[in-house]
Amino acid sequence: NAGVTQTPKFQVLKTGQSMTLQCAQDMNHEYMSWYRQDPGMGLRLIHYSVGAGITDQGEVPNGYNVSRSTTEDFPLRLLSAAPSQTSVYFCASSYTGVTEAFFGQGTRLTVV
Amino acid sequence: TQLLEQSPQFLSIQEGENLTVYCNSSSVFSSLQWYRQEPGEGPVLLVTVVTGGEVKKLKRLTFQFGDARKDSSLHITAAQPGDTGLYLCAGAGSNTGKLIFGQGTTLQVKP
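Line by line, the protein sequences give chains A and B. Heads up, the first sequence is in this note's numbering, so the first residue is 1 and it goes up one at a time. Heads up, the second sequence is in this note's numbering, so the first residue is 1 and it goes up one at a time.
Keep in mind that the hints were calculated from the coordinates and are not lab data. Note that beta-carbon positions come from the ideal geometry of N, C-alpha and C, so glycine has one too. Be careful, since some hints might not be right.
[Unchecked claim] Reference excerpt, derived from the structure (chain A facing chain B, CB under 7 Å, subset only):
no.: 1; residue: Pro-8
no.: 2; residue: Phe-10
no.: 3; residue: Gln-105
no.: 4; residue: Gly-106
The following block holds chain A by itself, in its conformation from the complex (with noise of 0.2 Å):
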């Protein structure tokens, strides 16, 4: 049962480069975001897609951009990183927006 996969586990980029986390889901739900885990500051929601061709911005989509062209993947694009991005990010995937969420299992990120 894969769930969701997230790729890579661990990264480290320099200021001003880009990149790009990867997220599959095969449980065929509609429903799929992206947060950042910060200490003390729970889980932010970057941004979110509610099916193929459509995705809208969380609480801080800044310096993120996402695309979603098929109901699997979820791709989350840095434009630029900065040292503020450096984070652990999920993905999760769900039915809808308020059912339980599936997550994978993150990517750690460090920008120096």
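Following the hints, put chain B in place on chain A, whose structure we already have.
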């Protein structure tokens, strides 16, 4: 803006002790979820409470949803080292269609 405040943020106890984690808001939620997260892993759902006043039990864990659906609590009886982890509450925004997460409570149970 809907916010969820969790308390305490950190809890370190001895095996066998009881504890309660609180999740409070001034907003009404249509449902409230509790997740547990282990180091290096994503959160995993423990329970969802939907009805005001609802109580759900999962072995030694008891979850309660406030009558007004603005708050919830998680009580662990006779904690064990295997209960160690980060506990997150998440409210389902009735108007936003999204989950709002609390800051989390880090629990350490020492043998």
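Restraint satisfaction for A/Phe-10 [CB to CB of chain B, less than 7 Å]: Interface hint status for A/Phe-10: violated (10 Å vs cutoff 7 Å).
Item checked: Supplied contact hint for A/Pro-8, tested at 7 Å Cβ to chain B -> violated, 14 Å
Holds or violated: the hint that A/Gly-106 contacts chain B, with Cβ atoms closer than 7 Å. holds, 6 Å
| message | Min Cβ distance, A/Gln-105 to chain B: is it shorter than 7 Å? | response | holds, 6 Å
Checked against the numbered hints above, the structure violates hints 1 and 2; every other hint is satisfied.
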